[in-house]
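Undergrad: One-letter residues, chain by chain:
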Amino acid sequence: MKRVKTALNDGHDLFNGGYSVREAPPRPGANQFSRAVWNKQTAQKAGFFLLFMCILLTLLFLGSIVYFIFAGGGKVLTWGFLTQWPRNAMTEGGIFPALLGTFYLTLGAIIAALPLGLACAIYLCEYTPGNLALNAIRIGINNLAGVPSVVFGLFGLAVFVKFFGFGVSVLSGSLTLGILILPGIISASQEALIAVPNSLREASLALGATQWQTIRKIVLPQALPGILTGVILSVGRAAGETAPILFTAAAFYTRRYPDSPFSEVMALPYHIYALMTEGTHPRQQTTIAYGSALVLLILVLFISGTAVFIRQRQRSING
Amino acid sequence: MNKIISKERVYAAVFAVLAFACLFFLAGITLVLFKEGLPLFGKIGLGDFLFGSRWYPTHEDAEYGILSLLTGSLWVTTGAMLVCLPLGIGSALYINEIAGDRQKAVLKPLVEILAGIPSIVFGFFGMVIVAPFLQKLLHLPTGLCAFTASLILGIMAVPAICSLSEDALSYVPASYREASLALGATRWETLIKVVLPAAGSGISTAAILGISRIMGETMTVLMVSGGAAIIPHSFFQPVRPLTSTIAAEMGETAVGSMHYHALFAIALVLFTLTFIFNIAAEILSRRYRIKLGLQR
Numbered sequence: 001m002k003r004v005k006t007a008l009n010d011g012h013d014l015f016n017g018g019y020s021v022r023e024a025p026p027r028p029g030a031n032q033f034s035r036a037v038w039n040k041q042t043a044q045k046a047g048f049f050l051l052f053m054c055i056l057l058t059l060l061f062l063g064s065i066v067y068f069i070f071a072g073g074g075k076v077l078t079w080g081f082l083t084q085w086p087r088n089a090m091t092e093g094g095i096f097p098a099l100l101g102t103f104y105l106t107l108g109a110i111i112a113a114l115p116l117g118l119a120c121a122i123y124l125c126e127y128t129p130g131n132l133a134l135n136a137i138r139i140g141i142n143n144l145a146g147v148p149s150v151v152f153g154l155f156g157l158a159v160f161v162k163f164f165g166f167g168v169s170v171l172s173g174s175l176t177l178g179i180l181i182l183p184g185i186i187s188a189s190q191e192a193l194i195a196v197p198n199s200l201r202e203a204s205l206a207l208g209a210t211q212w213q214t215i216r217k218i219v220l221p222q223a224l225p226g227i228l229t230g231v232i233l234s235v236g237r238a239a240g241e242t243a244p245i246l247f248t249a250a251a252f253y254t255r256r257y258p259d260s261p262f263s264e265v266m267a268l269p270y271h272i273y274a275l276m277t278e279g280t281h282p283r284q285q286t287t288i289a290y291g292s293a294l295v296l297l298i299l300v301l302f303i304s305g306t307a308v309f310i311r312q313r314q315r316s317i318n319g
Numbered sequence: 001m002n003k004i005i006s007k008e009r010v011y012a013a014v015f016a017v018l019a020f021a022c023l024f025f026l027a028g029i030t031l032v033l034f035k036e037g038l039p040l041f042g043k044i045g046l047g048d049f050l051f052g053s054r055w056y057p058t059h060e061d062a063e064y065g066i067l068s069l070l071t072g073s074l075w076v077t078t079g080a081m082l083v084c085l086p087l088g089i090g091s092a093l094y095i096n097e098i099a100g101d102r103q104k105a106v107l108k109p110l111v112e113i114l115a116g117i118p119s120i121v122f123g124f125f126g127m128v129i130v131a132p133f134l135q136k137l138l139h140l141p142t143g144l145c146a147f148t149a150s151l152i153l154g155i156m157a158v159p160a161i162c163s164l165s166e167d168a169l170s171y172v173p174a175s176y177r178e179a180s181l182a183l184g185a186t187r188w189e190t191l192i193k194v195v196l197p198a199a200g201s202g203i204s205t206a207a208i209l210g211i212s213r214i215m216g217e218t219m220t221v222l223m224v225s226g227g228a229a230i231i232p233h234s235f236f237q238p239v240r241p242l243t244s245t246i247a248a249e250m251g252e253t254a255v256g257s258m259h260y261h262a263l264f265a266i267a268l269v270l271f272t273l274t275f276i277f278n279i280a281a282e283i284l285s286r287r288y289r290i291k292l293g294l295q296r
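In the order they appear, the protein sequences are chains F and X. Letter by letter, the first sequence follows residues 1 to 319 of our numbering. Letter by letter, the second sequence follows residues 1 to 296 of our numbering.
Just so you know, not all the hints are guaranteed correct.
[Stated by the list, open to error] Dumping the calculated EDC-like pairs for lysine to aspartate or glutamate here, alpha-carbon to alpha-carbon at most 20 Å: (1) F:Lys45 with X:Glu189; (2) F:Lys162 with X:Glu252; (3) X:Lys43 with X:Glu63; (4) X:Lys7 with F:Glu126; (5) F:Lys217 with X:Glu8; (6) X:Lys43 with X:Asp61; (7) X:Lys291 with X:Asp167; (8) X:Lys291 with X:Glu178; (9) F:Lys162 with X:Glu249.
Derived by calculation from the structure, the hints in this document are not laboratory data.
Work out the full structure, taking the sequences as your base and the hints as a guide.
TA: Put into structure tokens, the structure is as follows:
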């Protein structure tokens, strides 16, 4: 079966009804059979070309975004831009507080979501509850993953900011982002746990280890790279989200470093939005926004690149 | 021994509680949206809210009709689907069916990485580059319109649609393809007449999840859709979808005011719509798995 697959992928024409795609088209007036074959081959060529154009167009579009952000933000990006505070009503200086704020928010979100998400995945995979519970939790998580990000923002506003009285703060923002990334962490951890071979669990249990010992000493270490990938991808997601922190954490400008979980912060994605929609110096602000967008883009691409790299390597090790 | 067993039970119970706690968030969101959204309907009827075309929440004689916002969402989502469905599914077909191993090893991770570009970056790109470009190219009064928003949103959703459809395609058993090729069909015929129908409901799931995501997308539409609360007559008019209305107005609203409740009511509508789409996707994907005889 494997051989068949590679033969197909390598573009051999072994299974092409015996007729090579690369064969020259028959002359006009050739018999009907070969004309039918020729038509089929033309259709195939046209079809493959169309699909190729789809992926080419996609990569071209996405590539051009990366290109334009790099071209526009490259001039602004210096060491000082990363380490200085904004000056002169956001028209000069750097984005340091926004970077710091995004770091705190993301860290908080992971701290909030990881234990809960991992526990949920362990329950689903290792303690395998009955079908009813399993389906209820799965459908719940899938739906949570589909909730629009701005609705998370409203939830955070109503519950964390107002009801619990945390105010517009790092804490409220982190918790809101935490709920947002929870489904992603659960499904990545679940996938990692499922990939651990059952024979390992059975061997451990047969040696007299309890289920908890098996999970802690055998299953979790094996699943660690997969879980890590999920966590890293979630970091990228949390760092780039804007809508959930709009009303729960972000401020256009703060004078001081955030010194407690209850202080409001600047955040990189919100900084871009605010620079484009508020303030009084659109031109200079756009330049800074370019720089901020570039930093965010590099950050997020680097993070998701790392995760994808780890996953790719893990897959090739597992075969 | 008894001690060990009871300890194990405690662990199992703790994990069960934590797992169900995850469900509470969904319940909590639903509850909050109802609690904060329903007070609006003490003042205006559900019909006036959904089908009233005048959205003037800050006027003295405030009106809360969201028809224009709903149509705005509808236009932008439809436009975006027209962009992302062909591109996303086409790309998935190329990666899964045509690309060789080496191409696949590059394309798949590349698409996954590009899926991580945050929506704010798309919004920024649309605002600074695409909108002025389209305005000049098509001689529009403003580049910030439903068309631009659809275009950007559509491109943004391609990697997600591509990954989801690719998953669906990879579940199609190799025996289907082999049988078709053995009967003398070309690879193209196999792809169109065997693989695509077999993966049909899986790809539909991807499309529905895509609709739900595009509809819920906030920052991009907030920045590029123009923000005019009117019922659009063409793709080149500015619109104000549901999500951007919430994001733009919640910051300036007093908590507990009628406007605040109206925004929660909009969120409730949005939540209901995406919920319906997600459940539909869930049902479809279950059917797909059964059809192909997959356990998971």
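Undergrad: Okay, which hints does this one fail, numbers in order?
TA: none
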